[in-house]
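A.B. asks: This is what each chain is made of:
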Amino acid sequence: MSKSFKVRILRQADPNSGSHWETFNVDYEDGMNMTTVFQRIAADPVTTEKQPTVPVAFDSCCLEEVCGACTMVINGRVRQACSALVDALLEESPDAIEVRPMTKFPVVRDLVVDRHAMFESLKCVKAWVHVDGYYDLGAGPRLAPQVQEEAYPLSRCMTCGCCVEACPQFSDKTGFIGPAAISQAILFNLHPTGRVERDDRLGVLTGPGGIADCGNSQNCVKVCPKEIPLTDSIAKAGRDTTLYKLRQWFGR
Amino acid sequence: MEAQSQSPGLDAKYYFLIRRLHSLCGLIPVGVFLCFHLVANSAILWPGQPGAEFQKAIDRLHGALGPMLVPVEIVGIFIPLFFHAILGVKIWLSSSPNASSYTHGPNIRFTLQRITGVFAFVFILYHVWHMHWFGKPLGAGHFELHTKAGEPAAAVTTATAIQAAWWIAPIYFLGVVASVFHLANGIWTMLITWGITIRPASQRVSGYVCAVFGVVLALVGIGALSGFRTFNVDATASSGHGVTAATHAP
Chain Y
340 MSKSFKVRIL RQADPNSGSH WETFNVDYED GMNMTTVFQR IAADPVTTEK QPTVPVAFDS
400 CCLEEVCGAC TMVINGRVRQ ACSALVDALL EESPDAIEVR PMTKFPVVRD LVVDRHAMFE
460 SLKCVKAWVH VDGYYDLGAG PRLAPQVQEE AYPLSRCMTC GCCVEACPQF SDKTGFIGPA
520 AISQAILFNL HPTGRVERDD RLGVLTGPGG IADCGNSQNC VKVCPKEIPL TDSIAKAGRD
580 TTLYKLRQWF GR
Chain E
11 MEAQSQSPGL DAKYYFLIRR LHSLCGLIPV GVFLCFHLVA NSAILWPGQP GAEFQKAIDR
71 LHGALGPMLV PVEIVGIFIP LFFHAILGVK IWLSSSPNAS SYTHGPNIRF TLQRITGVFA
131 FVFILYHVWH MHWFGKPLGA GHFELHTKAG EPAAAVTTAT AIQAAWWIAP IYFLGVVASV
191 FHLANGIWTM LITWGITIRP ASQRVSGYVC AVFGVVLALV GIGALSGFRT FNVDATASSG
251 HGVTAATHAP
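Read top to bottom, the protein sequences are chains Y and E. What the first sequence shows, in my numbering, is residues 340 to 591, in sequence order. What the second sequence shows, in my numbering, is residues 11 to 260, in sequence order.
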């Protein structure tokens with residue numbers, strides 16, 4: 340029963356140092372996920388070359404694919420470590436499971452990355468509803484069930500970064516805000532109170548890094564762990580920005 | 011990661027307009043021209059006197075434009091084409107295609123769209139050069155609508171240029187396929203970009219429609235190419251002028 344498997348991990352001590360691969364042998368357990376694998380490595384951090392090393396640094400929080408903290412590139416595909424099961428990963432790649440940090444964000448250490456850019460994109464599109472005031476504004480307007488049904492899937496976004504990691508258009512060269520932020524702009528434009536800032540959001544989407552940077556590779560919707568209809572949001576943003584520009588140029 | 015530039019330059023201010031113009035230019039006029047061009051060329055396949063229908067098709071097109079032909083070609087084809095190509099290459103250079111990691115249809119087509127775009131552009135430059143100047147130094151003939159004597163020469167000169175070397179037809183084949191793929195896939199993405207097809211189901215349907223359009227247009231183009239490839243130039247070349255004989259061929 341002492342079945343074991345190999346895990347190759349791209350490691351990096353700090354943001355400024357170079358990266359290198361380390362391979363570990365891990366004893367197989369039933370129903371293992373990648374976070375368990377990192378815990379087993381931490382318990383005995385010795386590489387296959389018998390070199391003692393330090394535990395692998397990685398982010399994690401909820402351990403049930405809700406927070407998005409443990410997002411990383413496993414076997415060449417971006418996903419959450421907590422919901423990545425070893426059985427399935429070994430089927431994809433029987434020799435060794437390959438793990439690396441996300442490539443679109445600066446590495447802090449090992450598999451920990453700085454996803455600040457995601458938050459900046461959300462700020463750009465004003466991904467919120469303004470409710471602050473000096474007095475009680477009372478109850479907000481009701482959302483029709485149809486709007487709720489449209490909005491709920493979009494609200495599942497956990498800003499994990501899978502969509503932008505897989506997006507061939509997202510890089511510091513383009514400044515593209517990415518599918519998650521576009522989808523959030525659509526979500527808050529759906530809200531009766533959020534709609535007040537609709538044109539601000541559409542204005543940002545028509546600027547550099549906005550909707551025009553999408554190349555329709557549709558990787559975002561393919562990799563989204565929350566199954567958010569990101570390409571629907573993107574196409575809707577395409578339609579809304581077209582109409583917004585027509586309104587802007589020719590009047591309402 | 012700034013979506014809003016602090017001091018918007020001209021390219022930032024008109025970012026959306028420029029990118030939508032880029033999208034539009036691919037279809038109108040460049041894509042529409044490609045359709046007309048391939049369909050007119052396929053007239054070479056029409057039965058009857060070899061090349062006569064092709065000559066008629068080209069005469070009709072050129073006759074309709076008259077002295078406006080060159081200005082229309084420049085404003086209607088070359089300027090939009092260069093704008094579309096140069097901005098397209100710029101867009102490609104800023105992207106990082108990853109079709110080897112994420113192997114699903116739209117992502118593979120994303121990469122193919124960029125490869126075919128560059129290939130088609132280089133091919134079109136070669137094609138224009140080949141049809142207008144290539145033949146002169148090598149004596150292999152180049153596209154002429156009529157001989158100096160006013161005889162129809164469109165079919166025989168085109169066929170001579172295509173048949174001048176064995177590798178010309180394969181390059182034209184690849185050029186036609188790349189251009190048509192780029193147009194058909196471009197129409198599919200354009201429908202999303204402009205917000206016409208939103209739901210996956212509608213994008214699937216438009217995908218089938220674009221695929222059928224692409225296959226048909228590619229067959230038209232390849233048919234035209236094979237028509238010129240197999241056109242009997244020698245039968246018309248004996249009189250020294252070639253074209254005279256072409257008009258009298260059985």
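The set of hints was computed from the structure by calculation and includes no laboratory data. Hints are supplied without guarantee of correctness; some may be wrong.
Stated by the list, open to error - Cross-link-like lysine to aspartate or glutamate pairs, in silico, DMTMM-like; alpha carbons within 25 Å at most:
#	chain 1	residue 1	chain 2	residue 2
1	Y	Lys584	E	Asp21
2	Y	Lys561	Y	Glu437
3	E	Lys100	Y	Glu437
A.B. asks: Please name the hints from earlier in the document that this structure breaks, with their numbers sorted from lowest to highest.
C.D. replies: Of the numbered hints given earlier, the structure breaks just one, which is hint 3.
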